[in-house]
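Residue strings, one per chain:
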Amino acid sequence: MRASLLLAIQTELRNIGASSPALAHRARTDKIFEVFVWSCMLRALRELGATLEARDHADAPTTLLDFRLAPGLLYNPTTTPGFVLVSYEGSEYEVHCGLRVLGSSKVLHELDVCILERSHARRCRTQRIDPDSSGVKFLAECKYYGRAIPLHLGREFLGLGSEFSIRVETIVANQGSPDVHRLVKRHRGTSQFNLTTANPAKIARFIGWLSTELEHVL
Amino acid sequence: MNPQVVEILKTLRSIQLNWIAEEIEQSILLGKTVEKTYREPGYAKQRRGLYTEAFTGKEEMQVTLRIIRSYFIELHDNWNSAVAAGIESIGTGKIRGRSPDVEKRLERITISDPNPNVQFELFSAEAVSHIDKLRGFIGEAEKEEGNSQS
Chain A
11 MRASLLLAIQ
21 TELRNIGASS
31 PALAHRARTD
41 KIFEVFVWSC
51 MLRALRELGA
61 TLEARDHADA
71 PTTLLDFRLA
81 PGLLYNPTTT
91 PGFVLVSYEG
101 SEYEVHCGLR
111 VLGSSKVLHE
121 LDVCILERSH
131 ARRCRTQRID
141 PDSSGVKFLA
151 ECKYYGRAIP
161 LHLGREFLGL
171 GSEFSIRVET
181 IVANQGSPDV
191 HRLVKRHRGT
201 SQFNLTTANP
211 AKIARFIGWL
221 STELEHVL
Chain B
71 MNPQVVEILK
81 TLRSIQLNWI
91 AEEIEQSILL
101 GKTVEKTYRE
111 PGYAKQRRGL
121 YTEAFTGKEE
131 MQVTLRIIRS
141 YFIELHDNWN
151 SAVAAGIESI
161 GTGKIRGRSP
171 DVEKRLERIT
181 ISDPNPNVQF
191 ELFSAEAVSH
201 IDKLRGFIGE
211 AEKEEGNSQS
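Protein chains in written order, with my numbering: chain A, 11 to 228; chain B, 71 to 220.
Don't read these hints as lab results, they were simulated from the structure.
Heads up, some of the hints might be wrong.
Stated by the list, open to error - Stretch by stretch, here's where chain A covers chain B in the computed footprint (C-beta under 8 Å, at least three residues):
| id | stretch |
| --- | --- |
| 1 | 109-117 |
| 2 | 184-195 |
What the hints assert, rightly or not - Calculated cross-link-like contacts (lysine-lysine; reagent style DSS-like; alpha-carbon spacing at most 25 Å):
| id | chain 1 | residue 1 | chain 2 | residue 2 |
| --- | --- | --- | --- | --- |
| 3 | B | 213 | A | 212 |
| 4 | B | 213 | B | 80 |
| 5 | B | 80 | B | 102 |
| 6 | A | 147 | A | 212 |
| 7 | A | 195 | A | 212 |
| 8 | B | 174 | A | 195 |
Each residue gets a CB set at the ideal place from its N, CA and C atoms; glycine is no exception.
Build out the structure end to end from the sequences listed, making use of the hints.
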């Protein structure tokens, strides 16, 4: 590489580092990707003809959706993120991003993107209890990396999947990983890799896949 | 290691982005998986296997540019896409079945820190202008280094 080009890249890296807090912690890059996957979920729901409405942490209509960097508890206003209320074929659901839900072992797990049955979520808010796996219709584990995602994330996803006996659970990443794909596929999970705006065809396929799967579970 | 990669790692560490520098270093240390054919003594048939080989200096730079593109450019593109798609998907109109009718509209999507004392704007206007400049430079570098993902 030309020395002048290297210098220009270094200068812009410094400038971005100084002016963009998005990169300060990995938690922020992961959260941005979760919101990206969440937006794909909304597009898939719209393709199905669902009606969507933004709600704040108190379950009131809102024009501002705020997601939190830390996982939220459904009944705790200081940690609960906003969510989207979904009306589809006479039933209601909630799409959440970064919510803590009890697995079948009664251990709390953070679900990066999930769909809850509305009646289950409302009961949990009213009673101030954590949602459990029985109310979960869909979950996606989201990973943002600069390189192929490490194998241990595939193992962690399998552990999470065993806590939620549902039809649709998937690991989504902006990068690919043949090893994680093989591992997850072997254990009947699904992986959706290389999901990034740089790959619009993949995004279209992902939204199409989501629509098909959601049509079966909602 | 490629000396220019070492320079980029130093830059990342100087702006407290050690975690990105470490991801680049680890990716380079892992090397690449390569297929080879071999023949067992006493067997005529060729077999295929995989082994791990170190990256060349040029490939080390390609790995570095790819990771920089992911974090410094594509992350911002993904965020813009998410906000636009989220607002468009929610749409506008009256919320049915409520009395009185409620006008729905999503105007903003934000990410906040659990600590209310920590406030930040993910991508300031200044950051976006530098991201655009970097996009051009990384594209040029990928052409020079032979990265097919430019």
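Results of checking the hints against the structure:
Restraint check on the stretch 109-117 of chain B versus chain A: 0 residues with Cβ-Cβ distances below 8 Å, three needed, restraint violated. For the stretch 184-195 of chain B, the stated coverage by chain A is satisfied: 6 residues place a CB nearer than 8 Å to a CB of that chain, which reaches the threshold of 3. Restraint check for residue 213(B) and residue 212(A): satisfied, since their Cα atoms lie roughly 24 Å apart, inside the 25 Å limit. Simply put, residue 213(B) and residue 80(B) have alpha-carbon atoms about 23 Å apart, close enough for the 25 Å limit, and the pair holds.
About 24 Å separates the Cα atoms of residue 80(B) and residue 102(B), which keeps this hinted pair within 25 Å; it holds. For a cut-off of 25 Å, the pair hint linking residue 147(A) to residue 212(A) stands: about 23 Å separates their Cα positions. Between residue 195(A) and residue 212(A) the alpha-carbon distance is near 19 Å, which keeps this suggested pair within the 25 Å criterion. Proximity of residue 174(B) to residue 195(A) is assessed by CA-CA distance (about 41 Å); at most 25 Å being required, the pair is judged violated.
Comparing the model with each numbered hint stated earlier shows that hints 1, 8 do not hold.
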